[in-house]
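Student: Protein chains in written order, with numbering that gives the first Met the number 0: chain A, 0 to 347; chain B, 0 to 334.
These aren't lab readings, by the way, just hints derived from the structure by calculation.
Glycine residues also receive a C-beta, built at the ideal position from the N, C-alpha and C atoms.
One or more of the hints may lead you astray.
Chain A residues, not near chain B, derived (Cβ > 10 Å throughout) [stated by the list, open to error]:
#  : residue
1  : I10
2  : D64
3  : K73
4  : S98
5  : G100
6  : E196
7  : N221
8  : I247
9  : E255
10 : N288
11 : K293
12 : G308
If you anchor each label on the Cβ, the simulated ranges turn out as follows [what the hints assert, rightly or not]:
#  : chain 1 : residue 1 : chain 2 : residue 2 : range
13 : B       : E261      : A       : G319      : 20 to 28 Å
14 : A       : D226      : B       : L321      : 32 to 40 Å
15 : A       : E99       : B       : L321      : 13 to 21 Å
16 : B       : L321      : A       : E114      : 38 to 46 Å
17 : B       : G98       : A       : E347      : 52 to 60 Å
18 : A       : P105      : B       : P100      : 57 to 65 Å
19 : B       : K160      : A       : V237      : 42 to 50 Å
20 : B       : E261      : A       : M269      : 48 to 56 Å
21 : A       : P105      : B       : V40       : 34 to 42 Å
22 : B       : K160      : A       : E241      : 53 to 61 Å
Derived lysine-lysine pairs resembling PhoX-like cross-links, with alpha carbons at most 20 Å apart [claimed, not checked]:
#  : chain 1 : residue 1 : chain 2 : residue 2
23 : B       : K128      : B       : K22
24 : B       : K309      : B       : K241
25 : B       : K241      : A       : K39
26 : B       : K309      : A       : K39
27 : B       : K326      : A       : K320
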Amino acid sequence: MNESIRKAREIITGYSGRPLRIMEVCGTHTHEIFRIGLRKLLPESVELISGPGCPVCVTAVGFIDEACWLALEKGCVVCTFGDLIRVPGTEMSLAGARSEGAEVRPVYSPLDAVELAKADPDRQYVFLAVGFETTTPSACLAAEQAKAAGLKNFSLLTANKTMPNAYNALVGSADAFLYPGHVNAITGNAACKKLCEEKGVSGVVAGFTASELITAMAVTINLLQKDEPFFRNCYTRVVKDEGNPQAIALMNRVMEPCDSEWRGLGNIPMSGMKLRAEYADYDARLKFNMPEIKGRPNPACRCGDVLQGKCKPSDCKVFGKVCTPLHPVGACMVSDEGACAAYYQYSE
Amino acid sequence: MSNNTVNLAHGAGGKQTSELIEKVFKAHFDSPEFTADDAAVLPAVDGKLAMTTDGFIVSPWEFNGGNIGKLSICGTVNDLSCMGAKPLYMTCAFVIEEGFPLDKLEEIAAAMEKTAAEVGVKIVAGDTKVAGKGQCDGVFITTTGVGRIMEKAHTSGSLAKPGDAVIVTGDVGRHGCTILLARGEYGIESDVDTDCAPLWHTVESMYEVTDDIHVIRDATRGGVGTVLYEIAGQSNIGIRIKREDIPVDERVKGVCGMLGLEPLYLACEGRLVIFAPADKAEALVAKLREGKYSANAAIIGTVTAENAGKVVMETEIGTQTLLPQPKGELLPRIC
């Protein structure tokens, strides 16, 4: 153990002030915090809440229903990041649709889906575009490439989300946020600084190694004791104030902000991204005249409360009993980055 | 082109089959015991025998540091070695996809010959089938091996005891990482190469230090983490390991960091996990570090009576967490 980790440990374990609520927004943070056992160092007065930063977890039930509709009713080949396949929809997951004859192809990148479409011009390929500022640029690139190639058999079903307005919706649910380093690497820090200046929301940008995470936690606890709003970038190795201008420009060329439905949080105004009008031919909802599809979450599942820090995964009645990583009832149990899956895997 | 690739006639049992066997396999596997008859005839062997079989379908069949031929010998040699058995004879069965290049098949046979020769195991019989285009992917190989168990060797997954040290013979997860990158699906460039190696001499060298070795297991599919859980279950003991003591190649660390993978669950094809009494551990590691395939061997943990069936990790920040159970959704076709 090096000196900086030892020092951070002392700050965290030695804290004896007022009760603090800190929210790690990012799903990768949730997973890493469990992996390194950071929660075990926290004194009782510090509560760590897992926020809505796992893209699979916040994807609304209705989106899965839309994807199943495209696959089963329209015969589209649905290309998706693997995690989404097991997320339950209202009636079924994409895995369920597959067992009814739908073709569902896991891909690692939206660009793979473009290549699949090129190689098989007689069938329609739809990529399920989910994720935050970290993955949205690659979906935009796929749309640009498909348009440049004049592809007629490729489109996107979008549910891309952006963080800044989600923070607004979460104001008051924690004393400070651990901001997702990967997202800030793209967006830069302006939105977080603005939140601090205008709304008094405190937060620290955190990296992902054990040393980076424990340092960010110690800095947060230290600064919270001063009782004034703060913003700190503890991931300067990767995150620059201006972010990644090329990625931002790409996103703005292809997509524009829209309202977006978040599992658990409901509709958050202007917290999503959709394809611009110039890309209408690549928007699966328009291309296939999709009717409005409203999802109905399983009422027994408390993923929504978990995502807002209103309850712990273990407070949910189905957690670990009928809801397990092999048979997930809610989205938070599907992805490794989901709070429920992390609680389950590391529970002793 | 058809002269340079395998076609269905090569598998039909006629003249072309004989030619394929003569030119490719016999040319490489020739030994007095290599049979032209229906079965190899072998001399009697004193003592107990170990026998094992393994199928190999890795994709891609060629990767940085090896190919499916080398892998197919190492896999079976290592399984025998883990039982304390000196590998003596092997057989191999090929399923080759129509259209597979003959020169590549020769490369595979040459790698098998070289690897087998290194540990002194003889290939004594083989079989060749050709599958139609698309019915298999390139080439699949099944090898079977027989070895003679050293009298002094008594190892089994059920013999780990509280107080034992847990040793790995080298950095973990390199084979899995190599295959992952060779598949080209992540767009990550790295020169990481497989750890694939035949480990009989590695095992033999440990018995120069002590006969008191409780468990030897090769960490293949599922990696070292899966082996630890297997042994914890079979021996009904707990295992405590320390993150900082687990050797991981810097390149593998980098890839795992990017993709969110746990190196302990990435496959190895040339690494052993050993459980031996703590007072023998330092000497074993010192001996291992002299070996060609175990230069960065390390003690990574200890066996405990408490937490039976579980693997507890001491983390980088000094806390203890459970190593999550292996999930079984491994990367496709790594071996």
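Student: Determine whether the non-interface label on A:N221 survives the test: each CB of chain B must be over 10 Å from its CB.
Tutor: Given that every Cβ of chain B is farther than 10 Å from that of A:N221, nearest at about 17 Å, it holds.
Student: Is A:S98 truly not at the interface, in the sense that its beta carbon sits beyond 10 Å from all beta carbons of chain B?
Tutor: holds (17 Å)
Student: Between A:P105 and B:V40, does the beta-carbon spacing fit 34 to 42 Å?
Tutor: violated (50 Å)
Student: Next pair to validate is B:K309 with A:K39; report whether the Cα-Cα distance is within 20 Å.
Tutor: holds (18 Å)
Student: Would the non-interface assignment of A:E196 survive a Cβ cutoff of 10 Å against chain B?
Tutor: Answer for A:E196: holds, closest chain B Cβ roughly 33 Å.
Student: Does 20 to 28 Å hold as the CB distance between B:E261 and A:G319, or does it fail?
Tutor: holds (22 Å)
Student: Does the Cβ distance between B:K160 and A:V237 fall inside 42 to 50 Å?
Tutor: At roughly 46 Å between Cβ atoms, A:V237 and B:K160 fall inside 42 to 50 Å, so the hint holds.
Student: Can we confirm that no CB of chain B comes within 10 Å of the CB of A:N288?
Tutor: holds (34 Å)
Student: Does the Cβ-Cβ separation between B:E261 and A:M269 fall within 48 to 56 Å?
Tutor: violated (37 Å)
Student: Checking a non-interface call: every C-beta of chain B should be farther than 10 Å from the C-beta of A:G308. Is that right?
Tutor: holds (22 Å)
Student: Confirm or reject the claim that A:P105 and B:P100 have a C-beta distance inside 57 to 65 Å.
Tutor: For B:P100 against A:P105, whose Cβ atoms are near 30 Å apart, the range 57 to 65 Å is violated.
Student: Taking 10 Å as the cut and beta carbons as the points, is A:D64 off the interface with chain B?
Tutor: holds (25 Å)
Of the numbered hints stated above, those contradicted by the structure are hints 15, 18, 20 and 21, listed in ascending order.
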